[in-house]
Amino acid sequence: MKRDTQELFDEDPLEGGRLMTADVEDPNRRDILVVAASAFSAVGAASLIWPFVHQMNPDAGAQALASAEFDLAPVQEGQAITVMWRGKPVFIRHRTAEEIETAKKVALDELPDPVSRNENQPGTPATDENRTIAGHEKWLVMVGICTHLGCIPKGQTLADAKGDYGGWFCPCNGSHYDTSGRIRKGPAPRNLDVPPYTFLSDTKIRIG
Amino acid sequence: MSNHASTYEPKSATAKWWDERLPVPRMMHDQFVDFPTPRNLNYLWTFGGILTFCLVAQLVTGIVLAMHYQPSDAEAFNSLDRIRRDVNYGWLIQAMHATGSSMFFLAVYIHIFRGLYYGSYRAPREILWILGVFILLAMMATAFLGYSLPWGQMSFWAVTVITNLFSSLDAVIPGLGTAIVQWLWGGYAVSGTTLNRFFSLHYLLPFVIFGLVILHIWALHVAGQNNPTGLNIKSKSDSVPMYPYAVAKDAFALFAFVILFAWFVLFLPDYLGHADNFIEANPLVTPPHIVPEWYFLPFYAILRAIPDKLGGVIAMFASIAILAFIPWLDRSPVRSAKYRPVYKWFFWLFVIACLALGYLGSKPAEGIYVFWARIFTAYYFAHFLIVMPIVGAMETPSRMPGSITEAVLGKSSKKSTSADAH
Amino acid sequence: MNATRHVTTLRIALVAAAAMAFAQGPALAAGGGEAIHFERHDWSFSGMGGQYDRNQLRRGFQVYKDVCASCHALERVKFRNLVQPGGPEFDEEAVKALAAEWPNKITDGPNDEGAMFEREPKLSDKVKGPFKNEQEARSIHNGAYPPDLSLIARARNVHNEAAWYIHVPMMVRDVLTGYAEGGPDYIYALLTGYKEAPEGFHLSEGMNYNTHFPGHQIAMVQPIPEGGAVEYQENAGAKASLEQNAKDVTAFLAWAADPSLNERKKLGWTVMLYLLITTLLLYFAKKRIWARVKH
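Protein chains in written order, with this note's numbering: chain A, 9 to 216; chain B, 4 to 425; chain C, 62 to 356.
Errors might be hidden in some of the hints.
[Unchecked claim] To give an idea of the chain C side of the interface with chain B (calculated C-beta under 7 Å), a few residues:
#1 343
#2 345
#3 350
#4 352
#5 354
[As the list claims (entries may be wrong)] Each computed DSBU-like pair below joins lysine-lysine, with the alpha-carbon atoms no more than 30 Å apart:
#6 C:189 to C:300
#7 C:355 to C:326
#8 C:157 to C:193
#9 A:96 to C:189
#10 C:355 to B:341
#11 C:166 to C:193
#12 C:166 to A:212
#13 B:237 to C:193
#14 C:189 to C:126
#15 C:189 to A:212
#16 B:237 to B:312
#17 B:239 to C:355
#18 A:146 to C:183
#19 C:183 to A:96
#20 C:193 to C:126
#21 B:341 to C:348
[Unchecked claim] Residues on chain A that point at chain C, a partial pick, calculated with CB under 8 Å:
#22 39
#23 41
#24 42
#25 44
#26 48
#27 49
#28 52
#29 53
#30 72
#31 73
Read the hints as simulated data drawn from the structure, not as lab findings. Glycine included, each C-beta is placed from N, C-alpha and C at the ideal position.
Starting from the given sequences, assemble the full structure and let the hints guide the process.
Below you can see the structure in the form of structure tokens.
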């Protein structure tokens with residue numbers, strides 16, 4: 009019985025199959041069908057990217073907490089509370105008439121940051137009126153994060169240092185904010201941000 | 004890598020600059036563009052590319068899921084629920100990852116059966132094959148670890164059952180098995196401690212797989228691909244350049260595969276899983292039927308076919324380990340079963356045995372099911388230990404073509420000429 | 062000649078498989094012992110084109126609220142989910158009011174005095190159940206635990222105990238038709254499966270006979286009586302009855318377990334269409350490229 013044995017090793021087995029120059033210059037390669045197939049494949053691959061990018065955006069749980077309502081009735085005049093909104097501390101101060109007057113008397117050119125930083129009134133100058141909502145000037149609502157490097161300024165409680173301008177003082181690098189939350193002295197570049205908020209009633213606000 | 008001379012010619016100044024410093028474009032050209040690929044490959048050869056896609060898909064979806072998943076016993080199940088409900092496209096990415104695991108195994112089994120049929124494990128591809136066995140092992144470990152992460156009832160009890168297998172070593176050295184099991188668990192029972200370390204290892208192993216795959220492709224490119232005839236490439240007309248020919252075929256096959264993938268992800272996301280895994284893990288309640296995922300069923304059947312606990316464990320591991328010895332067990336003078344008329348039948352019998360073992364693995368280990376599991380387990384091992392050497396050595400191969408070109412173009416063009424390549 | 066014989070064999074096998082797939086198989090079981098027959102129902106969300114029926118989800122929520130919520134929590138669902146697209150899509154203000162009046166309050170705190178306190182649920186809160194934890198539930202129900210229903214529709218399934226040559230074609234059929242409603246079919250069968258225990262059946266103390274519960278003894282008293290438990294409003298789109306209440310609450314629970322179904326199946330059509338077109342293009346492109354090479 010003759011049995012063919014198969015050579016298992018050949019000399020230079022990969023000698024063959026060189027890329028034919030004919031293939032490279034073959035006009036069929038530019039063929040519309042191949043182009044269309046490649047284009048369709050590429051579109052599919054590209055559109056696959058979006059879900060993977062979007063999954064890193066805030067999920068439905070985070071978005072649900074994008075707005076929060078707060079009851080202001082228990083906050084007496086001269087008192088302040090700190091609430092959490094979108095993971096950040098928000099200062100809500102029930103200002104006294106004195107604090108409001110002091111803030112109103114400051115001229116714009118005295119302010120290192122003349123812009124109001126109020127999301128409810130974007131781009132307006134940093135007058136005290138523009139830092140609050142008309143009809144509710146007693147209430148100052150600001151994100152309690154120092155605009156320098158992100159520490160939480162002191163000034164919410166009676167015992168806290170309030171800085172040279174009677175508002176808030178950031179102990180990390182010595183930024184002083186006034187009774188309207190505007191930066192007056194120190195390294196912070198911007199006034200404390202005022203988040204978007206509305207009054208649902210005289211004693212209830214919704215932030216965000 | 005392989006011995007063929009490089010045909011890469013850097014065209015631009017930038018290309019030349021790279022070529023002198025880190026010749027990656029040259030390597031890509033030589034290995035994936037101008038690489039001689041047998042011209043007679045059938046679609047079973049597209050699964051290597053499909054598997055690479057599966058690996059990348061699992062890595063990407065897995066890394067993204069890990070951004071939201073919490074590997075503690077208190078929060079694992081909840082975090083997964085949050086992913087499905089709240090994370091943007093979380094339901095999609097999670098379904099892709101879970102289904103992707105099944106697709107990965109489907110592709111790898113087809114890939115392995117292709118290798119078995121056409122003798123792709125024969126010299127000089129032994130190391131290529133053994134690397135494949137290691138990849139399979141790493142895949143199985145990864146899948147087992149990954150299945151624990153949802154911390155559902157099946158997750159918990161699958162971990163309990165499979166880790167408990169190691170206690171069978173107590174029969175060899177008293178106390179050894181129990182020590183190993185408690186070492187795996189990090190405690191006296193499966194707990195959040197176990198889950199946490201399983202998560203760490205589940206994240207690690209795919210990168211080990213990635214490294215093994217690089218070696219696997221390297222080993223492949225040293226010898227070149229096998230082909231349905233089992234003959235080597237001997238002349239130019241036996242092969243075509245990988246680009247555009249093999250790439251075009253791989254792209255089509257990949258998309259066809261993705262159709263199946265997408266079908267499950269979008270219309271049947273729970274089909275391949277088990278309802279019990281939507282119940283939070285409860286150490287005090289055992290599910291009525293503990294079943295692994297479908298791709299483990301054949302091995303589960305083998306495990307339960309042997310009446311002795313240690314014997315079952317040994318048989319289960321042996322059923323994978325034996326694959327590594329195939330290059331030396333097969334004593335046929337020819338590679339491809341295409342020309343092995345007797346062995347061919349045994350091959351299909353082997354396929355049937357594997358399918359049967361898969362079915363039996365899903366059934367309770369009693370009565371007629373255990374009987375047939377034993378029959379098919381016996382055949383499984385007999386195929387490697389008896390059929391491969393004996394049938395291989397005794398069989399007369401059928402008439403083979405003289406070359407790949409002859410197989411493709413017919414008897415009249417035995418000798419290949421460059422004209423034939425077109 | 063060999064080839065044609067193989068092809069013929071293959072064809073015969075395919076025809077046989079197809080025949081079996083569409084034949085009525087023997088009874089399917091819910092696991093454990095004898096085979097229980099589960100009917101497959103036509104849900105609005107069945108199959109590839111399935112979508113939830115919004116009105117049905119609203120009716121189903123009403124059944125949950127009035128019948129089930131006294132014992133069963135739904136804590137993976139948040140009130141805001143009832144407003145979002147793809148679900149019952151209730152009006153936001155209505156759900157806010159519903160949440161505020163929900164009998165099970167949210168435990169929050171500690172407050173400034175260090176104490177935990179109860180408050181009304183908001184939209185972002187979960188639909189809390191009546192019990193603090195599983196232990197409390199068990200102690201009130203003689204050891205039985207009314208499970209949280211958020212995922213129940215995916216945590217249950219109808220099992221197939223048919224012989225392998227029937228089972229496998231049925232699996233193929235299920236995959237091709239996209240059958241994914243095993244959970245809802247089971248729940249509906251359970252809710253409508255309360256009957257008098259048959260002669261000779263030993264019913265334990267405090268248990269109820271159910272034709273579809275594994276073991277046929279369930280601790281839960283029939284929740285929806287004949288005639289229905291909940292009357293629907295004029296515009297709800299259906300009349301109340303046991304079957305209707307059961308169907309509606311099952312559909313609602315299916316949504317609770319899988320709120321993204323609408324989006325998922327819609328995307329499914331788009332993706333399959335795209336894949337079909339692209340695969341065909343790639344196939345013809347491959348043929349065009351390979352035309353130059355004899356193969």
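> What hints, given by number in increasing order, does this structure fail?
Replying inline: 2, 4, 7, 13, 16 and 29
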